[in-house]
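Fit chain U to the known structure of chain Y by using the hints.
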Amino acid sequence: MEWQFLFELTINGLLTGMMYALIAVGFVLIYKSTDAINFAQGEFVMIAAIVVAGMATNYGFPIIAAIAVGLVFMIIFNIVLERVVLRPMIGRPIVAIIMATIGLALILQGAGPLVFGAGTKPLNIGVPDEPLIWGPLFMTPIDVVGAGISIMFLAIFGWFFMKSRKGVAMRAVADSHMTSMAMGINVERYFALAWILAGVVALLGGLVWGSAIGVDTQMAALGLKVFPVVILGGLDSIIGVVVGGLIIGVCEALAAGYIDPLVGGGTKDFTPYVLMILVLMFRPYGIFGKPIIERI
Amino acid sequence: MFHRESGYFNTTYKADMALYPLPIAKFAIAAILVLFFVVAPYFLDEYYLSIINLVAIAIVGALGLNILVGYTGQISIGHAAFMSVGAYTAANLATKLDLPFWLTLPAGGAMAAFIGILVGIPSLRIKGLYLAIATLAAQFIIEWVINHTPTISGGVAASIEMPPPEFLGKELVNQAELYYFLMVIMVIALVGAMNLIRSRIGRSFIAIRDQEIAAEIIGINVFKTKLIAFAVSSFYAGVCGVMYTYYLGIANYENFQLITSIDYLAMVIIGGLGSILGSILGAIFITMLPIVIRLLMETFGSIFVDDAALAQVIAQFRLIIFGGLIIVFLVVEPDGLAKLWQNIRNYFRFWPFSY
Numbered sequence: 001m002e003w004q005f006l007f008e009l010t011i012n013g014l015l016t017g018m019m020y021a022l023i024a025v026g027f028v029l030i031y032k033s034t035d036a037i038n039f040a041q042g043e044f045v046m047i048a049a050i051v052v053a054g055m056a057t058n059y060g061f062p063i064i065a066a067i068a069v070g071l072v073f074m075i076i077f078n079i080v081l082e083r084v085v086l087r088p089m090i091g092r093p094i095v096a097i098i099m100a101t102i103g104l105a106l107i108l109q110g111a112g113p114l115v116f117g118a119g120t121k122p123l124n125i126g127v128p129d130e131p132l133i134w135g136p137l138f139m140t141p142i143d144v145v146g147a148g149i150s151i152m153f154l155a156i157f158g159w160f161f162m163k164s165r166k167g168v169a170m171r172a173v174a175d176s177h178m179t180s181m182a183m184g185i186n187v188e189r190y191f192a193l194a195w196i197l198a199g200v201v202a203l204l205g206g207l208v209w210g211s212a213i214g215v216d217t218q219m220a221a222l223g224l225k226v227f228p229v230v231i232l233g234g235l236d237s238i239i240g241v242v243v244g245g246l247i248i249g250v251c252e253a254l255a256a257g258y259i260d261p262l263v264g265g266g267t268k269d270f271t272p273y274v275l276m277i278l279v280l281m282f283r284p285y286g287i288f289g290k291p292i293i294e295r296i
Numbered sequence: 001m002f003h004r005e006s007g008y009f010n011t012t013y014k015a016d017m018a019l020y021p022l023p024i025a026k027f028a029i030a031a032i033l034v035l036f037f038v039v040a041p042y043f044l045d046e047y048y049l050s051i052i053n054l055v056a057i058a059i060v061g062a063l064g065l066n067i068l069v070g071y072t073g074q075i076s077i078g079h080a081a082f083m084s085v086g087a088y089t090a091a092n093l094a095t096k097l098d099l100p101f102w103l104t105l106p107a108g109g110a111m112a113a114f115i116g117i118l119v120g121i122p123s124l125r126i127k128g129l130y131l132a133i134a135t136l137a138a139q140f141i142i143e144w145v146i147n148h149t150p151t152i153s154g155g156v157a158a159s160i161e162m163p164p165p166e167f168l169g170k171e172l173v174n175q176a177e178l179y180y181f182l183m184v185i186m187v188i189a190l191v192g193a194m195n196l197i198r199s200r201i202g203r204s205f206i207a208i209r210d211q212e213i214a215a216e217i218i219g220i221n222v223f224k225t226k227l228i229a230f231a232v233s234s235f236y237a238g239v240c241g242v243m244y245t246y247y248l249g250i251a252n253y254e255n256f257q258l259i260t261s262i263d264y265l266a267m268v269i270i271g272g273l274g275s276i277l278g279s280i281l282g283a284i285f286i287t288m289l290p291i292v293i294r295l296l297m298e299t300f301g302s303i304f305v306d307d308a309a310l311a312q313v314i315a316q317f318r319l320i321i322f323g324g325l326i327i328v329f330l331v332v333e334p335d336g337l338a339k340l341w342q343n344i345r346n347y348f349r350f351w352p353f354s355y
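Just so you know, the sequences run in chain order Y and U. Residue numbers for the first sequence follow our numbering, beginning at 1 and rising by one. Residue numbers for the second sequence follow our numbering, beginning at 1 and rising by one.
Please keep in mind that the hints were generated in silico from the structure rather than gathered at the bench. Treat the hints loosely; a few may be bogus.
[Unchecked claim] Coverage of chain Y stretches by chain U, computed from C-beta distances (three or more under 8 Å per stretch; other residues unrestricted):
| # | region |
| --- | --- |
| 1 | 58-70 |
| 2 | 99-105 |
| 3 | 112-123 |
| 4 | 267-279 |
[Claimed, not checked] Using 20 Å as the maximum straight-line C-alpha spacing, the simulated EDC-like pairs for lysine to aspartate or glutamate come out as follows:
| # | chain 1 | residue 1 | chain 2 | residue 2 |
| --- | --- | --- | --- | --- |
| 5 | U | Lys127 | Y | Asp175 |
| 6 | Y | Lys166 | Y | Glu188 |
| 7 | Y | Lys268 | U | Glu254 |
| 8 | U | Lys224 | U | Asp210 |
| 9 | U | Lys96 | U | Glu171 |
| 10 | U | Lys96 | U | Glu166 |
| 11 | U | Lys170 | U | Asp98 |
| 12 | U | Lys127 | Y | Asp236 |
| 13 | U | Lys26 | U | Asp16 |
| 14 | U | Lys127 | Y | Asp35 |
| 15 | U | Lys127 | U | Asp210 |
| 16 | Y | Lys32 | Y | Asp175 |
[What the hints assert, rightly or not] With the Cβ distance kept under 8 Å, some of the chain U side facing chain Y (calculated, not the full set):
| # | residue |
| --- | --- |
| 17 | Ala30 |
| 18 | Ile32 |
| 19 | Val38 |
| 20 | Val69 |
| 21 | Pro122 |
| 22 | Gly128 |
| 23 | Tyr130 |
| 24 | Ala134 |
| 25 | Phe140 |
| 26 | Ala266 |
| 27 | Ile269 |
| 28 | Phe317 |
| 29 | Ile320 |
| 30 | Phe322 |
| 31 | Ile327 |
| 32 | Val331 |
Here a beta-carbon is modelled for each residue, glycine too, at the ideal position from N, C-alpha and C.
Extracted from the complex, chain Y is given alone in its bound form (with noise of 0.2 Å):
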């Protein structure tokens, strides 16, 4: 019994962190790319699943159509949005930065709601509720598709950003500006296309976790379980996103399984953030991630 329990927990754990992988891959991409770091991804999420459950409850749009209004609204939104607030910011401090998309964070949540209305809503992708009873396993079915959408994805991604041209060039961009510039790249169209790429994660992201627990405002704490993750994995490659998703979902569900009855509840939120403590203690730069040489 004690086995089988573990077990359970693990491999839910796995799901989640699937989950969580496919939220942090889009941080990661604005981060390596425009060295940007944004705070405002949970609420990336939150808005794109606001925008299709909004679009399908409230005016009745199926919801394949209301997935293309939330794929559409997030490209432009993000193509205005580096336009506007994040071009201006290049070479400003970090903390700048920071700031910035905590504003933006703060005016996604007010807005969300003010559009669409308050309330939580049902987001339906065509998944059963029933739980997958697998031998002696519970899962829940959209964990599992949720899982798969995010394996599929990062796959598509790594292929992306390995094989293609316009993966290569991001890349390129991402190791050196001023390199990129001299080779011929347009830096700056590759900052937009980067945001976008962020903006239809988001959306996946949206769909896979709204249909998980429901649409509302609270789907934006979802964006303070990236940062453990990337710090984990190192902010290098989709492969570290993965492994840090996976460490974090697994630790989660260890942590509320076992350390809550003990002392009460809550641990779930926090221990990610022990774990990447004690991970920053040892390896500054994460488990992937490689050292920073600095000059003068």
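For chain U alone, coordinates are given in the frame of chain Y:
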């Protein structure tokens, strides 16, 4: 009649470091002190005094955060947690040991400084994004520990009732009495910060902010100086937390959550990084903002939405306006309100014969 000096033309280092840059500053400061300590409490009623009290508390916190973020260039997204450490330390000392405020204030500050040093230790090795997230982790961990340790948080709803501060045997209960109490602490904190910045330590803070490796080469002990910055900054945060606890009469972790940290970061950035005046202006601005928004929405909001939905809409509008202002300031005036004030002053210094 309106003639003024045409600018600062210091010829010695001593003049450059002086607390009063011009002789007129002495008169200006005296006038401000008279205005706030004699005139304001005489004419304003309790409600307005309580707003000034809130501003005074915020100024202390913003000064502390500006020392860390603006002067030393380190990031802290966990400043509200340091405030809660100060608040709960003082509340426990005041209720369990019956200590007076002149002991609980420094004790709360010292405890916060100790925790701040612990959080600051990783700052030697990590910076930028990593330090930001490490301090964010401190926010969550401190909050959770306080919330789940009944001996610290007092058990029921994690809140402790704070006895009012006692001065010469008189309990300071209403806002007018608290006004002097909080204002005096604020002035002490303000003078302390101004003097710290122009001392040797303050200059080494700025050296580290501008170029860490170069600072190390010219003989500044970077690790020690960073820890001092964290200690001073969280001392201010702790004192701010104690002031807020005396102001409310209760210590509760809900007043010191992540959103409070963000409020204080916004004060420092909108006011102006690395500027004492900026901390003051930012604290005034951010504290007044929700009050003004609520006032405007309650007056004019019912034209657009019905009364039942108004409370909800005010909360959402507050977020939008708050976030929007942060972004507008960052994009349009990166150096904040302090720079804006300087521009206005420089314009009128030469007016009407500006070149």
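Consistency of the hints with the structure:
Coverage of the region 58-70 of chain Y by chain U is violated. Counting CB-CB distances below 8 Å, 0 residues qualify, and the rule asks for three or more. Only when three residues or more bring their CB closer than 8 Å to a CB of chain U does the claim for the region 99-105 of chain Y stand; here the count is 6, and the claim holds. Check on the region 112-123 of chain Y: 3 of its residues sit with their Cβ under 8 Å from a Cβ of chain U, so the three-residue criterion for coverage holds. Check on the region 267-279 of chain Y: 7 of its residues sit with their Cβ under 8 Å from a Cβ of chain U, so the three-residue criterion for coverage holds.
A hinted pair counts as satisfied when its Cα atoms are at most 20 Å apart, and lysine 127(U) with aspartate 175(Y) qualifies at roughly 19 Å. Annotation: proposed proximity of lysine 166(Y) to glutamate 188(Y) holds, straight-line Cα distance about 13 Å (limit 20 Å). Straight-line distance between C-alpha atoms of lysine 268(Y) and glutamate 254(U) comes to about 19 Å, which keeps the hinted pair within the 20 Å bound. As the CA atoms of lysine 224(U) and aspartate 210(U) are separated by approximately 17 Å, the hinted pair is consistent with the 20 Å bound.
Distance check on the hinted pair: lysine 96(U) and glutamate 171(U) sit about 18 Å apart at the alpha-carbon level, within 20 Å; holds. Note on lysine 96(U) and glutamate 166(U): the hinted pairing holds, with a Cα-Cα distance of about 16 Å set against a maximum of 20 Å. The suggested pairing of lysine 170(U) with aspartate 98(U) holds, with an alpha-carbon distance near 15 Å, which does not exceed 20 Å. Distance restraint check for lysine 127(U) and aspartate 236(Y): the Cα-Cα separation of roughly 17 Å lies within the 20 Å cut-off, and the hinted pair is therefore satisfied.
The hinted pair formed by lysine 26(U) and aspartate 16(U) meets the criterion: a straight-line CA distance of about 16 Å does not exceed 20 Å. A hinted pair counts as satisfied when its Cα atoms are at most 20 Å apart, and lysine 127(U) with aspartate 35(Y) qualifies at roughly 14 Å. Distance hint between lysine 127(U) and aspartate 210(U) is fulfilled; the C-alpha atoms sit about 14 Å from each other, no more than 20 Å. For a cut-off of 20 Å, the pair hint linking lysine 32(Y) to aspartate 175(Y) stands: about 8 Å separates their Cα positions.
A distance limit of 8 Å between C-beta atoms decides the matter here; for alanine 30(U) the minimum to chain Y is near 35 Å, and the interface restraint is violated. Violation of the interface hint for isoleucine 32(U) is found here, the shortest Cβ-Cβ separation to chain Y being roughly 29 Å, above the 8 Å cut-off. A cut of 8 Å between beta carbons decides the hint on valine 38(U): the least distance to chain Y is about 38 Å, and the hint is violated. Because the beta carbon of valine 69(U) sits about 6 Å from the nearest beta carbon in chain Y, less than 8 Å, this interface hint is met.
The interface hint given for proline 122(U) holds, since its Cβ lies 6 Å from the closest Cβ of chain Y, which is under the 8 Å cut-off. Taking 8 Å as the C-beta cut-off, the interface hint given for glycine 128(U) holds, the closest approach to chain Y being about 5 Å. Proximity of tyrosine 130(U) to chain Y holds as hinted, the smallest CB-CB distance being about 6 Å (cut-off 8 Å). Given hint, alanine 134(U) at the interface with chain Y, holds; its Cβ is 6 Å from that chain's nearest Cβ, closer than 8 Å.
For phenylalanine 140(U), the interface hint holds, the least distance from its beta-carbon to any beta-carbon of chain Y being 5 Å, beneath 8 Å. With its C-beta approaching chain Y no nearer than about 7 Å, alanine 266(U) sits inside the 8 Å limit, and its interface hint holds. Residue-level restraint check for isoleucine 269(U) holds (minimum Cβ-Cβ distance to chain Y is 5 Å; threshold 8 Å). Interface restraint check for phenylalanine 317(U): the shortest CB-CB distance to chain Y comes to about 7 Å, inside 8 Å, so the restraint holds.
About 4 Å separates the beta-carbon of isoleucine 320(U) from the nearest beta-carbon of chain Y, less than 8 Å, and the hint is met. Interface hint status for phenylalanine 322(U): upheld, as the beta-carbon distance to the closest one in chain Y is roughly 6 Å, under 8 Å. Evaluation of the isoleucine 327(U) hint against chain Y yields a held restraint, the C-beta minimum of about 4 Å falling below 8 Å. Here the hint on valine 331(U) is kept, as its CB sits about 5 Å from the closest CB of chain Y, short of 8 Å.
This entry does not satisfy hints 1, 17, 18, 19, going by the numbered hints stated previously.
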